[in-house]
Amino acid sequence: MSGIELLLEYLTKYFPILLFIFVALAFGVVTLLISYLVQPKYPEPEKLSAYECGSEPFSDARMPFPVRYYIFAMLFVIFDIEVIFLYPWAVVFNDINKVSIIGLVEMLVFIALFLVAYVYAWRKGALEWD
Amino acid sequence: MTELSLRLAVSLAQIAAVMGVVMLTVMILTLAERKVLGWMQDRMGPMEVGPYGILQPIADGLKLFFKEDIVPAGANKFMFSLAPILAMVPALIGFAVIPFGPSNKFELFGITVEPFVISDINIGILYILAFASIGAYGIILGGWASNSKYSLLGGLRSAAQVISYELNVGLAIVGVLILAGSLSLVKITEAQSGGFWHWYVFALPAPQIFAFVVYVISAVAETNRVPFDLPEAESELVAGFFTEYSGMRFAFFFIAEYANMVLVSCVAAAMFLGGWNAPYPGTILEHVGLGQFAWAENIAWFTVKAYLFLFLFFWLRATLPRLRYDQLMKFGWKVMLPIALGNIVVTSIAVYLFPR
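Protein sequence lines, in the order shown, are assigned to chains S and B.
Position 60 of the first sequence, counting from 1, maps to 60 under the numbering used here, and the rest follow consecutively.
Position 126 of the second sequence, counting from 1, maps to 126 under the numbering used here, and the rest follow consecutively.
FYI, nobody ran anything at the bench for these hints, they're computed from the structure.
Please note that a few of the clues may not be correct.
[To be verified] Between beta-carbon pairs, the in silico distance windows are:
id, chain 1, residue 1, chain 2, residue 2, range
1, B, Ile123, S, Ile4, 41 to 49 Å
2, B, Ile209, S, Ile78, 24 to 32 Å
3, S, Phe22, B, Thr2, 40 to 48 Å
4, B, Pro205, S, Val38, 55 to 63 Å
Note that CB positions come from ideal geometry on N, CA and C, so glycine has one too.
Pulled out of the complex, with its shape left as it was, chain B reads as follows:
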């Protein structure tokens, strides 16, 4: 019984830490996005709240927390309240299987603790894909329940877009699965240790560079970001599926979008760029005799890789115009899908010719 309660306490502490980090990252991102966009357009970005505007996310959060939640007339009230939670929860719980650092297992009062991953299940990536699909329910439900034409159109568009690009994500990662021989993100990351030439985006015998490009583009489309932000195209659909949302429910859709961005960045880092592995063999701290702190260096590398992708999201937003909807669907089904499928065939033949 004590073992069970101890396990419960450890898991709760890990969950609290991960959720705290994700929420903090979302807060940083909302500010970073406006700052980066500002700098790219030769502006300063938010400057009023706190020094250099760094307290802006807190001001935004407080404002939304104390705002009135408007339920439009004719809306389905239960569905309307359920949708933001249904959109946010899948985006958060995907982090349960992401390895943030090396698996330094240690014993604590008789139970084994893996400090940097909440649970290393052997179907890790499948679990993330499965819950990412549930997020689409939140979007389409929110769009339908609002009883507004813009919301309905935005929700439909979003659902069709998310499922189309979900298929490409699923196909793009098959190449990595062939090389790694596992669905567990912990094992996939560990298999890429020993320098950047072991990362699956470069690794012989089958560099996954095409799969990587397909994955990144599909990830941008799946998170409804520019240039694929058709569901919330403000010039034609006002705000898409969350036109009628206000206050904390609006904030939840916002958190869901940014948490999804963080999640796809973490998955991209773990599957293609070696996760917490440094681009050189081992770690510097190990070489200078501080091996017990090597995990700090590993976590730093993971953070750098994840933020690299997040910066890419902002960079794209500052650079590219929005696609038309027919172009978006055509690109997903007629360009990305054949490339991803071809990558599987090439990878499997290469692995057959040069087995591990």
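Bound conformation, chain S alone:
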């Protein structure tokens, strides 16, 4: 297959998805817009104040929050990238011409490296929440 044909095939496959994204976005924006036009608007200071169990909000809500969330987010980024590396291997591994001891051992080594990072994070207490 030539480069142009390949490009054309990709375009026909991904074009409906692009269209779907556009339609879904348009649906969201148009619905909000029509709703905005038909709804009543009676803003009052009491109504617009942030909900805090009925009392006056006593400080800005955007205050510092526990660093725990960042640690989990970073762990997620690291491990998720390792998971993504597993996908191409998983797709070709069961191919009748490609099942080989090399492919298996290589991936077991990779998972072992994954486990080293995982055990390190566990032992350091990064997976604790308190």
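Fit chain B to the given chain S structure using the hints.
Chain B in isolation, oriented as in the chain S frame:
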């Protein structure tokens, strides 16, 4: 040029059909949830609007459509309006790669039409995972933009929970990918044809039963449903990240949550339970000589499987109490992740010993 416009028309028709079905399913679910919960608690559920309350979703939708959209003082107005759309769009467009029925390709004025899938791209499941992650932005942005303490805490909790369990979903499906040798949901479903013993949850040489359990539990956690509904724990956080939302924007977060439930159910059905394949070889309609209508039977099976999962969501909600946040994170990182990782190792060794 005519070919392009024809393709555009076909794609638009498919998109309209899929979005219509998803919206209808969301409407049915909002009613079904209250009805099922009611019956499980020996109540009737909604009974006022229409016969047996079946028009309740329409009444709810109309009410929310005509309600005032309140933007709380101190909120970032642009982000506040953007967040519901950012949460809903990823939940809807995931359906672009779900095969609802067999790929009965036919020619229409010179272009090939696949009626039951919008686009069969070869990275199907990766595409769904990628856009599911974008949904978390909508949640955390909505929580931050509201300028309310409950919203901020709910948004943070939700983001941390979604990414933690996203990892387990990603690991759980690797076993299926090894068996199927493809990322396309159409190919994965087709590889499971010929009876329920070919479904990947039971299939030899490596039944994916553990991966299936990990996937289902993680899917419940990812959609913020009971018993993992910490982000919207009403007894401690009021309504979590959408505390300050009202009207149509609130409805969008609601649609996003339910559309996500439908999406994870469809993915679970397609990856582990054979998708549109019947639990017996072939279809009954084929055996009695009505082969041209076999797709109806296939779609019926897909619907049954998807609704089975959706019923499970309601059943869990009626049965289980909520977890504590530290228990939730501990369970995800210290129990589910090792199981999913072990499943990959066992599956790859089994596939090596018994190649296809």
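Status of each hint after checking the structure:
In this structure the supplied range 41 to 49 Å is violated for Ile123 of chain B paired with Ile4 of chain S, their Cβ-Cβ distance being about 21 Å. Distance hint check: the CB atoms of Ile209 of chain B and Ile78 of chain S are about 29 Å apart, consistent with the given range 24 to 32 Å. The hint said 40 to 48 Å for the Cβ distance between Phe22 of chain S and Thr2 of chain B, and at roughly 22 Å that hint is violated. Distance hint check for Pro205 of chain B and Val38 of chain S: the Cβ-Cβ separation is about 60 Å, which falls inside the suggested range of 55 to 63 Å.
Of the numbered hints stated above, those contradicted by the structure are hints 1, 3, listed in ascending order.
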